[in-house]
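Those protein sequences? They're chains F and D, same order as listed.
Residue numbering for the first sequence follows UniProt numbering, starting at 1 and increasing by one per position.
Residue numbering for the second sequence follows UniProt numbering, starting at 1 and increasing by one per position.
Keep in mind that the hints were calculated from the coordinates and are not lab data.
Do not take every clue at face value.
Here are the simulated DSS-like cross-link-like pairs (lysine-lysine), alpha carbons at most 25 Å apart as the crow flies [claimed, not checked]: (1) F:K256 / D:K241; (2) D:K241 / F:K96; (3) F:K96 / F:K76.
Restraint-style ranges between C-beta atoms, simulated for each label pair [to be verified]: (4) D:D77 / F:S252: 41 to 47 Å; (5) D:D85 / F:N359: 46 to 52 Å; (6) D:K149 / F:S252: 33 to 39 Å; (7) F:L362 / D:D77: 45 to 51 Å.
Even glycine gets a Cβ: it sits at the ideal position worked out from N, Cα and C.
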Amino acid sequence: MRVDIDNMEVTVIIVMLLSLSEATNIGDMSARSKNRGKGSMWWGIAKAGEPNNLSPLSPGVPYLDSSAYYGTLRRKQRRLARENPGLLDAIAKGAKMAINECQFQFRNQRWNCSTRNFLRGKNLFGKIVDRGCRETSFIYAITSAAVTHAIARACSEGTIDTCNCDTHYKGRPQVFANGNNAAAVANVRDFEWGGCSDNIGFGFDVSREFVDTGERGKSLREKINLHNNEAGRWHVQSQMRQECKCHGMSGSCTVKTCWMRLPSFRVIGDLLKDRFDGASHVTASNGGNGRNNNKGHSNRLKHPRMNSIMSNSIHAKRENRRKLHKYNFQLKPFNPEHKPPGVKDLVYYEMSPGFCEKNPKLGIQGTHGRHCNDTSMGVEGCDIMCCGRGYRTQEIVVVERCNCTFHWCCEVKCDICRTRKTIHTCV
Amino acid sequence: MPGTILENLSTKKLSVLLSVFLLSQLACFLLGLIAPSPARTQTILATVCVDEDPLSSRDDADQWFTRQCRKTVNLEDPKATDGLDANNLVFVAEMPLHGLDYSRWQQNLVGILQIDMYYQKEQKISNPLVELTLESRLAYSDKTSNGGKTPWKYFSHAEEKRYMNCSFDENANRGEGYQYECTMVSLFELGSLFHDYYLLNLRLPYNSTSNKNTALGRIHDIYLHTIYMNGGFTKVWVSLKTVFFPILVAIMTWFWHRVHKLNRTPVLLEYMLITVGGTLTFLNLPIEFLSLFFEMPYMLLLSDIRQGVFYATLLSFWLIFAGEHMLIQDTAERNTLRKYWKHLSTIIIGCLCLLIFDLCERGTQLVNPFYSIWVTPIGTNLALAFIILAGISAGLYFFFLCFMVWRVFKNISIKRSVLPSMSQARRLHYEGFIYRFNFLMLATLICAAVTIVSFILSQVDEGQNKWDETMDLELSSVIHTGVYGMWNIYICAMLILYAPSHKQWPSDVACTEGEEVEFSRIPNESTSNEISALTTFSTKANLD
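Working from the sequences, and respecting the hints, build out all of it.
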């Protein structure tokens, strides 16, 4: 046994976890030939809490036993989850938040960020993820941003206890695994002496550890995934707003204390959507390699030496955390006249597939039957949404809530109105 | 004739003394380096508990909702809140989070609410100033010896009104699902952090007849930002005080002993010096140690008063110091405080205003930690009136002070033009003490400038003070210990340098006939009235 534990129960759980990890490793191996999306398996935990087709859980139970999550997680992710109790719930919440936000941002677009109930995470958004296109870059960015946000939020809710005094997270990240007592004592002393840092730091670091695992290869696709993950996190980080309070003599500003306020996730979704609209098309460092990468990534493991360099740099980052460019690579714009992408830019290297027609291979549903707006010239307009196929116009009677009044906390009093509405549906 | 030590000290001794002061100043700054920032925050997201029987729990003072309450609800989910009433919701915040506990070294606790309100089409906020009615209850608990917690005990309870300024940008393609931009709301201030754990149970009752929370929108989250002093900072701070306290007491005793050895009653400036020293000793008195053993909610008020008294006497001292070296009055009467009533009244009015304001705000907080004077319009106007009045007196004071200092320097420069006609011995002597006087004026100016600049610096975005995240340097604590040490050293220097000297004037013997007139005292003026030859000198300049 690698871990010395005196408690039998814990041992049993660890054994179970280890065996689980073996099982998923095999799963990983088989998936490896198909590659891609390797690091995005964890998306599956977004749906892990939901009543599956197989096991209809009662909706009142918010958190199922975490073993259901483990199937979708990599070994390092499982380790993180073990070391930080409550982390998985936060990540699951984050993943759900990401899906909601993605669907909100894309509600009027041809691609509407539809998800499917797959426990195997990378298929959650459909096979579109196999392509390195804009949509994929948005998915990666929003999920990693959501995880950062959700972890920071869970910290201030008190559901993750390891975020206290996170300055010590960088120094001895393993300490929570075994030396719980010593760490707790040290934490209490730190808290008395100098308080604790902002939760966003913890959220950022853990998100980086959790989300970025499995993207350590050298291929363009993995670099792009890393870049987009980082972009998502940086958006959360940079949207933290500082708030201050003066509490010196007689409330004067001789002593002023500031803290960072977590933004609403909608703000981050909006920003990422803007970045999506202006995403940078990038290419590999040299032309030949880029073409190679565009075709497929089965040759990704050809550079074991480079792999080790990458992982070295990952270890080195613990010393000076949250450097601007943690992963030392610079992506090249496809058009050499364009500026190279910045940390907050979303990047892609493949063109998006057409979303007009159903494409089972990529899991695209097509825009048949989608509602559209006949007066709009934008993406939600019928001309664009229906891809020129034309649309049906119906007049239906809708029963709606109207003239609503709201009372804090939870009371919305509405009239029921019947209105005639014209609906346009793509053929 | 007895002078002060400043005038009679040899340049060598003076420079030794100065370097000692500078070294201790450096030590104070270095002490700030090991201290963490003065205060820290912890943000706590309130858990929303469901109180199924709000009527009975209202009367039951010992029913507390904790994070482990039976039923929690997610306000983001409209379905989850179906059938719930505003009185059913209890926002629970346990302080501190993460299984930590407060130490008494952490001194005080400030709680600020951040209410995340979401926009709804059904209910647009017509008035950006949202009135909140907060029914808050605080409980405390302590660690037991076996690591457990004592049951929650009632600490305080109040229903208070607060105002929150909210805005929403309806353009920019925003609508449902977006958040209002709302200001923070200060909730409570605890003057002492005596217990290990605190628990806040907050309700936002709705009542349309008494107009409670009628303007409130859909709230998803309530965050409580708690600010506490850092234990490490308190330790460094208190040790600084503990070191300065005996030193200052010793210097004051020595000073007073010297004054009493003279064959005269102490003059005004000496009284002022000893008063400033006394108030600083009062400020240095490390009564913070007592707060480790006793619950002292009045610590905040007391430290405000201690600081206020010290600043008031220091400001008065400057006025009188400048005045005594200019001699406003030409009569030979003994200078008393009454001569300075015009100038001192600015300080007194200013300080009284601040004292009344402080007593209103922090005095009431002794009884009700949720109280804030800024909530009601009358209170706000009153508080503003007091602060503006204090500001006006401060402005007047600085006008008086600058005017007086300007006149002192004018006198000195007039006299300086006469210097070449004096004998060399006297000229050197006078040049020496003009230089020293200027030097001390300069020191005062530097101290004041350093204080002002450093506090402005600490106001500049705190985030910018951190040059690098890996650097644990806290500029604000360096500023606090440095400035505090600086004023202590300044007062020590004043007490030492302005203590009466035992040395006799060496030039008195050597003085020639021709210059006798120049140095003879003004008629009717008694020796005991003079604190220094410099004052004599300036008087003469005035008469000239």
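Hint check results:
1. F:K256 / D:K241: holds, 21 Å
2. D:K241 / F:K96: Roughly 54 Å between the alpha carbons, so the hint for K241 of chain D and K96 of chain F is violated.
3. F:K96 / F:K76: holds, 21 Å
4. D:D77 / F:S252: 41 to 47 Å: holds, 43 Å
5. D:D85 / F:N359: 46 to 52 Å: At roughly 50 Å between Cβ atoms, N359 of chain F and D85 of chain D fall inside 46 to 52 Å, so the hint holds.
6. D:K149 / F:S252: 33 to 39 Å: At 36 Å between Cβs, range holds.
7. F:L362 / D:D77: 45 to 51 Å: violated, 33 Å
Hints 2, 7, counting from the list given before, are not met by this structure.
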